[in-house]
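Asker: If you're matching them up, the sequences are chains C and L in order.
Going by the working numbering, the first sequence wraps up at 188, each residue one higher than the last.
Going by the working numbering, the second sequence wraps up at 189, each residue one higher than the last.
If you're looking for bench data, these hints aren't it; they were derived computationally from the structure.
Misleading hints may appear alongside valid ones.
Said to hold, decoys possible - Within a straight-line C-alpha distance of at most 20 angstroms, the following computed DMTMM-like cross-link-like pairs (lysine to aspartate or glutamate) qualify:
hint : chain 1 : residue 1 : chain 2 : residue 2
1    : C       : K78       : L       : E51
2    : L       : K28       : C       : E65
3    : L       : K169      : C       : E39
4    : L       : K28       : C       : E39
5    : L       : K28       : C       : E34
6    : L       : K28       : L       : E17
7    : L       : K118      : C       : D22
8    : L       : K179      : C       : E39
9    : L       : K172      : C       : E52
10   : L       : K172      : C       : D15
11   : L       : K161      : C       : E62
12   : L       : K25       : C       : E65
13   : L       : K118      : C       : E56
14   : C       : K71       : L       : E43
15   : L       : K62       : L       : E21
16   : L       : K118      : C       : E39
17   : C       : K5        : C       : D22
18   : L       : K3        : L       : D19
19   : C       : K66       : L       : E21
20   : L       : K28       : L       : D47
21   : L       : K3        : L       : D14
22   : L       : K159      : C       : E7
23   : C       : K12       : C       : D22
24   : C       : K66       : C       : E76
25   : C       : K31       : C       : D2
26   : L       : K55       : C       : E76
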Amino acid sequence: MDCKKAENLIMKYMDGELSPEDAQLLNDHIKLCEKCREEFFVFDAMMQNAAEVSKEVIRAPEGFEKAVMSKIHTEEEKQYAYSRNDRLRMICISIILCFFAIGYFLIKNKEALIAKLYEYPAFAQYLNEVVPFSQNIQSYENSALNAVEGVFSYADRLLSVSGMFLLAFIVIGVCVYGVLRFRGNRHR
Amino acid sequence: MVKTDYDLVQGAMDGNEADFEELVKRYKNLVYSVVLRMVTDAEDANDIAQEVFIKVYRNLSKYSPEYKFSTWIIRIATNTVIDFRRKKKQEFVSIDEMETELPDSATPESTYVNTEAKSELMDAINSLPDMYKIPIVLFHLEGLSYQEISSVLGVSMSKIKNRIYRGRKLLKEAIESKKEGGSFGLQKG
Ligand SMILES: [Zn+2]
Chain C
1 MDCKKAENLI
11 MKYMDGELSP
21 EDAQLLNDHI
31 KLCEKCREEF
41 FVFDAMMQNA
51 AEVSKEVIRA
61 PEGFEKAVMS
71 KIHTEEEKQY
81 AYSRNDRLRM
91 ICISIILCFF
101 AIGYFLIKNK
111 EALIAKLYEY
121 PAFAQYLNEV
131 VPFSQNIQSY
141 ENSALNAVEG
151 VFSYADRLLS
161 VSGMFLLAFI
171 VIGVCVYGVL
181 RFRGNRHR
Chain L
1 MVKTDYDLVQ
11 GAMDGNEADF
21 EELVKRYKNL
31 VYSVVLRMVT
41 DAEDANDIAQ
51 EVFIKVYRNL
61 SKYSPEYKFS
71 TWIIRIATNT
81 VIDFRRKKKQ
91 EFVSIDEMET
101 ELPDSATPES
111 TYVNTEAKSE
121 LMDAINSLPD
131 MYKIPIVLFH
141 LEGLSYQEIS
151 SVLGVSMSKI
161 KNRIYRGRKL
171 LKEAIESKKE
181 GGSFGLQKG
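Next comes chain C alone, as it looks inside the complex (with noise of 0.2 angstroms):
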């Protein structure tokens, strides 16, 4: 048997998978070779020292468990305040969203609202009341009304399809709300 074979012999001995026969081998190999003799003494010293330090009982430091659960503990009340404020960024967004949308729908169908209204007696007296009124300030309103007017035809036109506005309102508004739920729950 070469000196190769019986490296690997002695590694398979510190595997504690040495067959008997094979054991023999390694021992009739070291009896003549001082070079293997010589490593296999290091090998076995060094394995007799790993199985003392084996044996060793660690254990953890007094408190371990303590430390681990309140720091948990800490953990959460940050993911639960963060999702907090997440929850409040969303309503505020979501209340300027609706309301956005909602002015929108009311200007752009300011004509046929106010003609639908006027169909109910008590409504059409509340108008005619307020209509002299609104016309005294109607020249503010009018610019006003006129720059808003403005913006929104220009958005019109951009999207070309009035609806789709409204609708990337709501697509908007779902992925933030989905965005902000996912993360929110993530590691409860």
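Guided by the hints, dock chain L with the ligand onto chain C, whose structure is given.
Answerer: For chain L with the ligand alone, kept in the frame of chain C given last:
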């Protein structure tokens, strides 16, 4: 009735903290010992071991009962040690540089008692690169099988075997060069 590890995992996922605390109690010594044997510094080991359990807590839903819980947790522990070392490497000198310090040559050969041989072995193990050190620690000090180490590290059995063989030779070289360096100041050819 004693709850199984998987019972505890499920309890913890349902928000039962006592179940998670029980898991920590069961595995804290294993995790701490694996980590300490890989990093040697007790304070670092404590920080890393705590981080391991926080990772476990966050990833409970990923645990599958087809693996032993100990295998799963050792996997997380080794990954955390590797991450830690990666971060630390940028801050401090490498392990190879630390190895060059000579042992106390005034120590007479005869006083090399068992504890010294053991600490010598641990020094040698710590001088190894992670690639060899981690399988060596898991096999020789933690008593895991090749099969288990393979699933812990996600590396094939034959590769693990090669690394352990190579690691042992490196250990022997480290121990020998230290001894010779200590008594003669030079390494024998
Ligand atoms: Zn030989």
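Asker: So, for every hint listed, does it hold in this structure?
Answerer: The hints, checked one at a time:
| no. | hint | result |
| --- | --- | --- |
| 1 | C:K78 <-> L:E51 | 17 angstroms, holds |
| 2 | L:K28 <-> C:E65 | 8 angstroms, holds |
| 3 | L:K169 <-> C:E39 | 10 angstroms, holds |
| 4 | L:K28 <-> C:E39 | 37 angstroms, violated |
| 5 | L:K28 <-> C:E34 | 46 angstroms, violated |
| 6 | L:K28 <-> L:E17 | 16 angstroms, holds |
| 7 | L:K118 <-> C:D22 | 29 angstroms, violated |
| 8 | L:K179 <-> C:E39 | 15 angstroms, holds |
| 9 | L:K172 <-> C:E52 | 17 angstroms, holds |
| 10 | L:K172 <-> C:D15 | 16 angstroms, holds |
| 11 | L:K161 <-> C:E62 | 36 angstroms, violated |
| 12 | L:K25 <-> C:E65 | 7 angstroms, holds |
| 13 | L:K118 <-> C:E56 | 11 angstroms, holds |
| 14 | C:K71 <-> L:E43 | 16 angstroms, holds |
| 15 | L:K62 <-> L:E21 | 18 angstroms, holds |
| 16 | L:K118 <-> C:E39 | 18 angstroms, holds |
| 17 | C:K5 <-> C:D22 | 10 angstroms, holds |
| 18 | L:K3 <-> L:D19 | 9 angstroms, holds |
| 19 | C:K66 <-> L:E21 | 8 angstroms, holds |
| 20 | L:K28 <-> L:D47 | 12 angstroms, holds |
| 21 | L:K3 <-> L:D14 | 15 angstroms, holds |
| 22 | L:K159 <-> C:E7 | 18 angstroms, holds |
| 23 | C:K12 <-> C:D22 | 9 angstroms, holds |
| 24 | C:K66 <-> C:E76 | 15 angstroms, holds |
| 25 | C:K31 <-> C:D2 | 13 angstroms, holds |
| 26 | L:K55 <-> C:E76 | 13 angstroms, holds |
Violated hints, listed in ascending order, are 4, 5, 7 and 11; each of the other numbered hints is respected by the structure.
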